[in-house]
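If you read the sequences in order, they're chains V and D. So for the first sequence, UniProt numbering puts the first residue at 1; every next one is plus one. So for the second sequence, UniProt numbering puts the first residue at 1; every next one is plus one.
Honestly, the hints are just simulated from the structure, not real lab data. The reader is advised that the hints may include incorrect statements.
[As the list claims (entries may be wrong)] Keeping only pairs whose Cα atoms sit at most 16 Å apart, straight-line, the calculated EDC-like set for lysine to aspartate or glutamate is:
1) D:Lys250 <-> V:Glu77
2) V:Lys98 <-> V:Glu54
3) D:Lys451 <-> D:Asp418
4) D:Lys559 <-> V:Asp99
5) D:Lys454 <-> D:Asp268
6) D:Lys468 <-> V:Glu78
7) D:Lys251 <-> V:Asp165
8) D:Lys389 <-> D:Glu403
9) V:Lys164 <-> D:Glu76
10) D:Lys497 <-> D:Asp213
11) D:Lys468 <-> V:Glu52
12) V:Lys160 <-> D:Asp344
13) D:Lys497 <-> D:Asp530
14) V:Lys207 <-> V:Glu181
15) D:Lys379 <-> D:Glu403
16) V:Lys138 <-> V:Glu183
17) V:Lys85 <-> D:Asp268
18) V:Lys37 <-> D:Asp213
19) V:Lys85 <-> D:Glu230
20) D:Lys593 <-> D:Asp606
21) D:Lys468 <-> V:Asp99
22) D:Lys248 <-> D:Asp268
23) D:Lys248 <-> D:Asp275
24) V:Lys53 <-> D:Asp97
25) V:Lys37 <-> D:Asp606
26) D:Lys435 <-> D:Asp213
27) D:Lys635 <-> D:Asp574
28) V:Lys84 <-> D:Asp97
29) D:Lys327 <-> D:Glu403
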Amino acid sequence: MKTILILLTFFTFTTITSQNSYEKGMSKAFELWGSQKPDEAINLFERIAKAEKENWIPYYYAAQVHIITTFGIKDAEEIESRLKKGQDFLNEARTFSKDNAEILIMEAMLNTAYVAYNPSVYGMTHSAKVEELYQRAKKLDPENPRATLNHAEWKMGSAKFWGKDPKAFCPEVEKAILYFEKEANNNIPFYPKWGMDQVTRIQQNCK
Amino acid sequence: MRRTLTLAFTLFTLLSNAQTTITGNVIDPSGTPIQGANIYLDGTYDGASSDENGSFSFATTETGIQTLIISFLSFETFYLTTELTKMSPLAITLKEDVNSLGSVILNAGTFAAGDNSKASVLTPLDIVTTAGSNGDYIAALQTLSGTSNVAEDGRLFVRGGDANETNVYIDGLRVFQPFSATANNIPTRGRFSSFLFEGTNFSTGGYSAEYGDALSSVLLLNTIDEPDQEKTDLQFINVGLGLGNTQKWKKNSLSVNAFYVNLKPYQDIIEQRVDWIKPFESLTGEAVYRHHFKSGTLKVYGGLTYTDFKLIQEDINTPEGINLNLKNRNLYLNTSYKGSLGNDWTITAGTSFANDHNDILFVTTDVTNNENSFHGKLKLRKRFSNRFKLNFGAEQFLTSFSEETENPDFGAFQTSYDNNSTALYTEANIFFSKKLALQTGIRGVHNTLLKYTKISPRASLAYKTTSKSQVSLAYGDFYQAPQQEVLKYNFDLEPEKSSHYILNYLYQNNGRTFRAEGYYKSYDGLIKYDTNSPMFNSVFNNNGDGYATGIDIFWRDNKSIKDLDYWVSYSYLDTKRDYRNYPDRATPNFAAKHNLSLVTKYWIGDWKSLLSTTYNFGSGRPYNNPNETLFQNQKTRTFNTLNFSWAYLISQQKILYFSVSNALGFDNVFNYQYANTPDSNGTFSRRAIRPTADRFFILGFFWTISDNKTDNQLDNL
Numbered sequence: 001m002k003t004i005l006i007l008l009t010f011f012t013f014t015t016i017t018s019q020n021s022y023e024k025g026m027s028k029a030f031e032l033w034g035s036q037k038p039d040e041a042i043n044l045f046e047r048i049a050k051a052e053k054e055n056w057i058p059y060y061y062a063a064q065v066h067i068i069t070t071f072g073i074k075d076a077e078e079i080e081s082r083l084k085k086g087q088d089f090l091n092e093a094r095t096f097s098k099d100n101a102e103i104l105i106m107e108a109m110l111n112t113a114y115v116a117y118n119p120s121v122y123g124m125t126h127s128a129k130v131e132e133l134y135q136r137a138k139k140l141d142p143e144n145p146r147a148t149l150n151h152a153e154w155k156m157g158s159a160k161f162w163g164k165d166p167k168a169f170c171p172e173v174e175k176a177i178l179y180f181e182k183e184a185n186n187n188i189p190f191y192p193k194w195g196m197d198q199v200t201r202i203q204q205n206c207k
Numbered sequence: 001m002r003r004t005l006t007l008a009f010t011l012f013t014l015l016s017n018a019q020t021t022i023t024g025n026v027i028d029p030s031g032t033p034i035q036g037a038n039i040y041l042d043g044t045y046d047g048a049s050s051d052e053n054g055s056f057s058f059a060t061t062e063t064g065i066q067t068l069i070i071s072f073l074s075f076e077t078f079y080l081t082t083e084l085t086k087m088s089p090l091a092i093t094l095k096e097d098v099n100s101l102g103s104v105i106l107n108a109g110t111f112a113a114g115d116n117s118k119a120s121v122l123t124p125l126d127i128v129t130t131a132g133s134n135g136d137y138i139a140a141l142q143t144l145s146g147t148s149n150v151a152e153d154g155r156l157f158v159r160g161g162d163a164n165e166t167n168v169y170i171d172g173l174r175v176f177q178p179f180s181a182t183a184n185n186i187p188t189r190g191r192f193s194s195f196l197f198e199g200t201n202f203s204t205g206g207y208s209a210e211y212g213d214a215l216s217s218v219l220l221l222n223t224i225d226e227p228d229q230e231k232t233d234l235q236f237i238n239v240g241l242g243l244g245n246t247q248k249w250k251k252n253s254l255s256v257n258a259f260y261v262n263l264k265p266y267q268d269i270i271e272q273r274v275d276w277i278k279p280f281e282s283l284t285g286e287a288v289y290r291h292h293f294k295s296g297t298l299k300v301y302g303g304l305t306y307t308d309f310k311l312i313q314e315d316i317n318t319p320e321g322i323n324l325n326l327k328n329r330n331l332y333l334n335t336s337y338k339g340s341l342g343n344d345w346t347i348t349a350g351t352s353f354a355n356d357h358n359d360i361l362f363v364t365t366d367v368t369n370n371e372n373s374f375h376g377k378l379k380l381r382k383r384f385s386n387r388f389k390l391n392f393g394a395e396q397f398l399t400s401f402s403e404e405t406e407n408p409d410f411g412a413f414q415t416s417y418d419n420n421s422t423a424l425y426t427e428a429n430i431f432f433s434k435k436l437a438l439q440t441g442i443r444g445v446h447n448t449l450l451k452y453t454k455i456s457p458r459a460s461l462a463y464k465t466t467s468k469s470q471v472s473l474a475y476g477d478f479y480q481a482p483q484q485e486v487l488k489y490n491f492d493l494e495p496e497k498s499s500h501y502i503l504n505y506l507y508q509n510n511g512r513t514f515r516a517e518g519y520y521k522s523y524d525g526l527i528k529y530d531t532n533s534p535m536f537n538s539v540f541n542n543n544g545d546g547y548a549t550g551i552d553i554f555w556r557d558n559k560s561i562k563d564l565d566y567w568v569s570y571s572y573l574d575t576k577r578d579y580r581n582y583p584d585r586a587t588p589n590f591a592a593k594h595n596l597s598l599v600t601k602y603w604i605g606d607w608k609s610l611l612s613t614t615y616n617f618g619s620g621r622p623y624n625n626p627n628e629t630l631f632q633n634q635k636t637r638t639f640n641t642l643n644f645s646w647a648y649l650i651s652q653q654k655i656l657y658f659s660v661s662n663a664l665g666f667d668n669v670f671n672y673q674y675a676n677t678p679d680s681n682g683t684f685s686r687r688a689i690r691p692t693a694d695r696f697f698i699l700g701f702f703w704t705i706s707d708n709k710t711d712n713q714l715d716n717l
């Protein structure tokens, strides 16, 4: 009897381990990203995505690391290939989760990265896409703090370009803060929650 | 008991967690270690990234036969399926992915303009913001090397070829009448609004076996797959009005566009050299519908144009001038489907249809003609691997033309023909490595009207010399059936033929592009006749021939000076041909020896303005003076024009636009018309053929209304 109990415990323990290997892997990937190893982080997110099957989250982060990385590099060829790869990951993510506001927000960021790196080539074509993506995201999830915040930042950027006052969008930032506070604690592990730490930087425009 | 259990427990743990370590090394084909490759067992979490020496090591608890995957940006993914214990140590050489950025491109003869094309030298936006183009994409292409500036015509003259030697395609299907109807020496424009297109491929020679029936060049335009957003565009211009609307729903989108042009108010203010009785008036309507299926896209394009004008053409032989009234109606429909069949097969199928109807009153002669044309095409593409792709396809062309001419003195005369042809082609793309690629194809065509069958080979080879530069070569034979003006009177002819030999050098580095292309083109079987122009009583033959050779240089730089983008094109052309009614080989009037264009675009952020200038230069153009003994041995003065445009963005969606062509008012002469008979002194008198006006002004207001308020019509200007 005891043996059975112990064996049972043991099996439960191993199943828990394997359940946790997703969380362990994801945590490890974030740790790699945090310790300036973006490519290793991307590789791990990609491995998890491939092993998990039908989970959009690791693909989402693999894309995000690529996108964020392009902000710090100058080499055009590298930027292009990272953004292309990022788009591939987001396309994969979308096959497992249609009409997902978070994926649309990330895609808007990806298009913003194109505009940021080469405004003369991508400014015209990709700006409209960015706007469209934020609007679709907000339609799906009207109180999404990331959609509200990043959209406000984007609009502040174009207001500055057009010689208008970016302060006009400060109420949007306030709204985003409210949404961050209200944001329901999602039970899905590693569900996107980032963004609150950007508020201070974006609010520089409101001073 | 406890001890046994502990033992069992430990054993179990050991057994179930028995680890295998996989180690190895990843290098590229040149032996350099690859850092950052992703190495993992398919379907598991087990894996690692390679370090700066290309080495990797990871442990796994899996057993048995597994698949190991190694992937890295711009390399082909590597798979190994075997017993886990046999996987260590591994020495893997990854193959370069020939589809990645930095691969060699098959570009000899081609100017590509598109967002994602690696060979792209221009973006679609560049084309339309070029000063002097006035929204006509054809006019902007005339600033690229390899074209001759023939400002009184407006069509494309490529490398010593006349305008009929260039064919235009939309989504792979033939456009039969790409240019608006016009009168002699009054420049035409492309019929289609530029905002419908997102990709342009302009080949100045050596083009793919997929296309035929053009001796010199093809222009390939692709319509937008998916518009970004719903919007309404309004255009108020001093010569017309435009309205456009785009709607999107589910998997569909529809764009409609209407444009009305009336030159009368403009010509009432600004004096013209042409004596207009009824100034140019036209109405164009266009619509594009797109539907996305699960694995393909259907596009339907329709365009309808009405043109009407009446003028008195100056003529040296007729002092009172020649009365011309022209009414044209043109309908064009184009349907295409592109999709995947699975298993790396792609299908493209489509049809285009055009009806062109002209009602012309030429002094007292009444000409009515009608042409129906059809093009059907089926193209299949199989991707065997990244390194080998095969295309093949079949095409059918049907043209039915009829014309009735009525003159009070000579009575009525009718002519008609059905010109049908069938073509088959196949083409292979082979990448030997990331550095060396070959495209080779063959095209066969059978024409039932002229009863000929012709086979033409095409080949192009490209080699990447450094990471920033490459050289390429192209060769091809091209056949073209005689034009309508000849087929009206004679079917007993062979097609005209040309052969192209092209050597191209391309250098691209971070916003700077240098492209040099040398070529030789031979012409054979050119149509000749014994009258001034083709007539019912002309004697025709295929005895003409000729050549064109030259060098085209293109330089573009948008990096060196902040906010300034410019390009320079220079073309050197040496050509002679014996065709039409030429007594022997001579350089035709359209072929200037030197052509130069300088295009600049300067963005002034503080003014929210895009200032654009275009300078065009052409050396003297040959013309024939019957007072001289030698044929075609005179040259006009040089051609110069400086165009200027200013787009001022009032707000994000409102643009004020001003442009002036030939701002400095250069007095240009294109050609001379001589009298048919000498005057009393025994000399032939002449008149100069000059622009209809020295300058042309456009003032416009463009307003886009959309929900998201970011789009504007800068790409329409």
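Verification of the hints:
The hinted pair formed by D:Lys250 and V:Glu77 fails the criterion: a straight-line CA distance of about 35 Å is larger than 16 Å. A C-alpha spacing of about 12 Å is found between V:Lys98 and V:Glu54, which places the hinted pair at or below 16 Å, so the restraint holds. Restraint check for D:Lys451 and D:Asp418: satisfied, since their Cα atoms lie roughly 12 Å apart, inside the 16 Å limit. Annotation: proposed proximity of D:Lys559 to V:Asp99 is violated, straight-line Cα distance about 40 Å (limit 16 Å).
Proposed proximity of D:Lys454 and D:Asp268 is contradicted: the alpha carbons are some 53 Å apart, above 16 Å. For a cut-off of 16 Å, the pair hint linking D:Lys468 to V:Glu78 stands: about 14 Å separates their Cα positions. Proposed proximity of D:Lys251 and V:Asp165 is contradicted: the alpha carbons are some 38 Å apart, above 16 Å. Simply put, D:Lys389 and D:Glu403 have alpha-carbon atoms about 45 Å apart, too far for the 16 Å limit, and the pair is violated.
The hinted pair formed by V:Lys164 and D:Glu76 fails the criterion: a straight-line CA distance of about 48 Å is larger than 16 Å. A C-alpha spacing of about 9 Å is found between D:Lys497 and D:Asp213, which places the hinted pair at or below 16 Å, so the restraint holds. As the CA atoms of D:Lys468 and V:Glu52 are separated by approximately 40 Å, the hinted pair breaks the 16 Å bound. Restraint check: the Cα-Cα separation between V:Lys160 and D:Asp344 comes to about 47 Å, which exceeds 16 Å; the hinted pair is violated.
At most 16 Å may separate the alpha-carbon atoms for a hinted pair to count; D:Lys497 and D:Asp530 exceed this at roughly 21 Å. Simply put, V:Lys207 and V:Glu181 have alpha-carbon atoms about 22 Å apart, too far for the 16 Å limit, and the pair is violated. Using a Cα cut-off of 16 Å, the hinted pair D:Lys379 and D:Glu403 is violated, with the two alpha carbons roughly 34 Å apart. Distance hint between V:Lys138 and V:Glu183 is fulfilled; the C-alpha atoms sit about 14 Å from each other, no more than 16 Å.
Straight-line distance between C-alpha atoms of V:Lys85 and D:Asp268 comes to about 58 Å, which puts the hinted pair past the 16 Å bound. For the hint linking V:Lys37 to D:Asp213, the alpha-carbon distance of about 56 Å lies beyond 16 Å, and the restraint is violated. Between V:Lys85 and D:Glu230, the direct Cα distance comes to roughly 28 Å. Violation of the 16 Å bound is thereby established for this hinted pair. A distance of roughly 42 Å separates the Cα atoms of D:Lys593 and D:Asp606; the hinted pair therefore is violated under the 16 Å criterion.
A threshold of 16 Å between alpha carbons decides the hint, and for D:Lys468 with V:Asp99 the separation of about 41 Å lies outside it, so the pair is violated. Proposed proximity of D:Lys248 and D:Asp268 is contradicted: the alpha carbons are some 42 Å apart, above 16 Å. Between D:Lys248 and D:Asp275 the alpha-carbon distance is near 46 Å, which puts this suggested pair outside the 16 Å criterion. Simply put, V:Lys53 and D:Asp97 have alpha-carbon atoms about 25 Å apart, too far for the 16 Å limit, and the pair is violated.
For the given pair, V:Lys37 sits about 41 Å from D:Asp606 by alpha-carbon distance, which is inconsistent with the 16 Å threshold. Under the criterion of a C-alpha separation no larger than 16 Å, the hint pairing D:Lys435 with D:Asp213 is inconsistent with the structure, at around 32 Å. Our distance criterion of 16 Å between C-alpha atoms is met by D:Lys635 and D:Asp574, whose separation comes to about 14 Å. Of the pairs offered as hints, the one joining V:Lys84 and D:Asp97 holds, with about 14 Å between alpha carbons and a cut-off of 16 Å not exceeded.
Between D:Lys327 and D:Glu403 the CA atoms are separated by roughly 15 Å; this keeps the pair inside 16 Å, and the hint holds.
Violated hints, in rising order: 1, 4, 5, 7, 8, 9, 11, 12, 13, 14, 15, 17, 18, 19, 20, 21, 22, 23, 24, 25, 26; the structure is consistent with all others.
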